[in-house]
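Q: Just so you know, the protein sequences line up as chains A and B, in that order. Residue numbers for the first sequence follow our numbering, beginning at 1 and rising by one. Residue numbers for the second sequence follow our numbering, beginning at 1 and rising by one.
No wet-lab data here; the hints were simulated from the structure. Cβ atoms here follow ideal geometry from the backbone N, Cα and C, with glycine treated the same way. There may be inaccurate statements among the hints.
[Unchecked claim] Output of the computed footprint for chain B on chain A, the stretches with three or more beta carbons under 8 Å from beta carbons of chain B: (1) 48-58; (2) 63-73.
[What the hints assert, rightly or not] One side only, chain A facing chain B, incomplete, derived with CB under 7 Å: (3) 177; (4) 180; (5) 194; (6) 202; (7) 210; (8) 211; (9) 217; (10) 220.
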Amino acid sequence: MRKQIEGSRAMAEAVGLCRPEVICAYPITPQTHIVEGLGEMVRTGEIKNCEFINVESEFAALSVAIGASAAGARAYTATASQGLLFMAEAVYNASGLGLPIVMTLGNRAIGAPINIWNDHSDAMAVCDSGWMQLFAETNQEAADLHIQAFRLAEELSMPVMVCVDGFILTHAVERVDVPEQADVDAYLPPYEPVQVLDPNDPISIGAMVGPDAFTEVRYLQHYKQTLALRLIPEYAAEFKKKFGRDSGGLLRTYHTEDAELIVVAMGSVNGTIKDTIDEMRADGLKVGLVTLVSFRPFPTTALREKLVRTRNVVVIEKSLAVGMGGPLANNVDLALRNVAGAPQVHSVIAGLGGRPITRASLHRVLRRAFVQPWEGSHFLDLNEEIVAKELHYVRKVRRSGPTAENILRRLGQAAEKAAV
Amino acid sequence: MDATQKLHFYQKGTFTVGNRLVSEEQRSVQASTDRSNALTCGHRACQGCGEALGARYAMDAAMRATGGNVIAVNATGCLEVFTTPYPETSWQTPWLHSLFGNAAAVATGVAAAMRVKGRHEVRALAQGGDGGTTDIGFGCLSGMFERNDDVLYICYDNEAYMNTGVQRSSATPPAARTATTPAMGPQPGNVFGTGKNVPKIAVAHGIPYVATATVADLHDLERKVIKAMGIHGARYLHIHVPCPLGWGAASHDTIRLARLAVECGLFPVFEAEHGVITGCRKIRRQVAVDEYLKPQRRFAHLFTEAGKERIGHLQALADRNIAEYHLVDAEGDG
């Protein structure tokens with residue numbers, strides 16, 4: 001049914017349609033509305049036969065989900081940012097044990113400095129933990145991906161993280177087609193665990209594994225993700241057949257066929273990028289876009305096929321691996337490794353801590369890629385004047401004080417001066 | 001489980017399992033056919049391990065009380081490591097090890113799953129050492145208490161991080177030598193701090209049942225586990241389990257030390273329901289703390305001229321327990 005609805009509510013309703021049996025909730029902005037919605041639906045009986053547990057931390061949230069999943073229940077939780085880091089040990093544990101938990105990640109920056117707004121630092125911090133990571137572009141896709149995520153997780157007995165941009169998706173009210181229960185039931189079979197704690201058939205789970213077997217266990221985790229490279233498009237195709245729309249898959253393309261420059265990006269920023277591409281094409285600039293849905297598993301081959309014939313690739317990402325550059329750009333590089341005549345890859349770090357990525361800025365950086373391509377990372381809309389002042393100051397003064405507060409003070413001074 | 005379960009060659013001739021090979025009349029209590037022996041074959045605990053003993057009696061009692069319907073969650077630690085030298089496992093129950101600090105929360109998840117599946121007969125039991133309970137797992141433990149989740153949590157308290165090589169925990173007694181509180185300097189051994197009395201903290205949560213127990217009184221321990229399994233909601237059992245390796249004590253002194261800890265007053269044995277203490281085990285023959293401390297090398301530095309005053313401080317702690325829990329009857333008959 002089509003509704004004008006907040007993204008978080010749409011995701012909560014989609015999760016509810018998946019008949020979760022244990023939901024663990026701990027609040028963190030911007031994920032709160034999702035678990036609030038689920039809590040309400042469990043109270044009203046809209047979600048039946050479900051335990052909604054208010055836990056004392058994110059570490060406990062995922063730990064409760066681990067216990068529930070190992071005991072054979074379909075388990076769900078949601079988090080963001082600091083919460084994901086607080087549960088990091090359990091994140092690795094859930095995937096290492098092969099438990100098909102689904103978790104929403106309301107993507108948010110990681111502090112310090114504390115920041116509640118959107119970027120992808122949190123997802124990147126655990127991208128190699130063994131969880132599959134799917135990124136939603138719209139609220140429709142955010143809702144749909146949850147339904148596909150349970151199917152994928154349970155087929156492979158591996159956990160899936162559905163990554164949705166904090167505020168931009170979670171708090172945006174827009175039209176979403178929320179599926180019907182009967183259709184979801186037909187798409188998502190009941191959870192049939194591959195391992196379960198049961199007194200009638202006692203097994204031990206979680207034994208110490210030494211050098212003799214650890215590599216094999218890890219390899220099989222990796223192998224399962226390579227299987228997901230086949231399953232993700234298969235489930236997206238089946239989803240389209242049943243629900244009539246494109247959601248999910250490994251990646252999507254926009255005007256890539258004749259493109260001389262292809263942008264690669266993940267999440268909600270793809271809408272802005274598509275608008276920018278339309279305008280640039282009207283000016284005769286042949287720009288295309290690859291929207292990456294699956295970051296883990298990383299669709300190396302599929303991505304290479306889309307990029308290999310173009311001249312330049314610009315990776316726009318909301319994350320920074322400090323001391324290295326853009327982690328997504330690094331992964332895109334990998335897709336083009338050892339390819340003769342491969343395009344140049346240019347990295348753009350954008351939208352950190354919620355800074356808006358505007359069409360004007362995208363025009364500037366993409367036009368520059370045609371005429372004056374760069375090496376290393378380009379920080380979109382970096383305030384170079386403030387940075388230069390701060391660098392000058394810390395060179396002069398040993399006790400220069402906290403960086404974040406210095407920058408804020410300089411911004412305040414600049415604003416005051418402008419007002420006079 | 002019955003007495004016909006498969007035995008491994010190295011178990012034959014031991015008192016625990018091997019005597020199941022002899023006729024029923026000749027068997028020890030441990031090997032009787034009505035015990036589930038939930039924790040049995042192939043474990044690698046040290047000789048005289050108090051934790052292995054405590055865990056076996058606790059788990060067997062829980063199995064008896066529930067008709068074998070127990071799912072156990074184990075924190076990282078000695079018990080976890082020495083019971084699952086895969087491909088062998090010592091557990092005859094469904095058993096899950098997740099992390100060091102989350103056993104209480106994982107057990108909450110197990111209990112929730114059983115409730116939602118309508119399997120009300122299956123009960124969740126979480127267990128860990130003092131490090132996994134009073135330190136790193138304390139947040140999850142308190143959360144489970146506060147929500148009154150249907151979990152029995154058992155702490156096997158051997159008073160330090162034994163699995164990693166005897167480092168101090170918040171359950172380490174004052175003056176005890178550990179690898180991180182060496183017997184050196186003007187204040188040798190662990191500090192005389194304010195302490196962290198987790199059984200009392202559990203009582204303060206107002207949960208349905210809290211008890212302490214010791215491997216010196218296994219019938220009392222079993223009774224408490226059975227009682228706990230007859231109650232729904234959050235329950236906490238804190239078992240004092242001497243560690244020959246960490247305490248520097250003889251393997252054959254485990255039970256003796258557990259008994260002396262109670263009889264000197266340093267480890268009060270009590271029960272509480274819904275935030276109120278309902279019973280204490282009286283001291284039958286009160287002993288001075290020296291008698292308990294002396295056989296343990298972790299306290300050897302106290303038995304010098306300089307240590308006398310510190311033994312006095314420990315005696316004061318024991319006396320405080322005796323007064324607080326009324327461990328010795330005024331009439332003096334104990």
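Q: Which hints from the list above does the structure break, by number from lowest to highest?
A: Violated: hints 3, 4, 5, 7, 8, 9 and 10.
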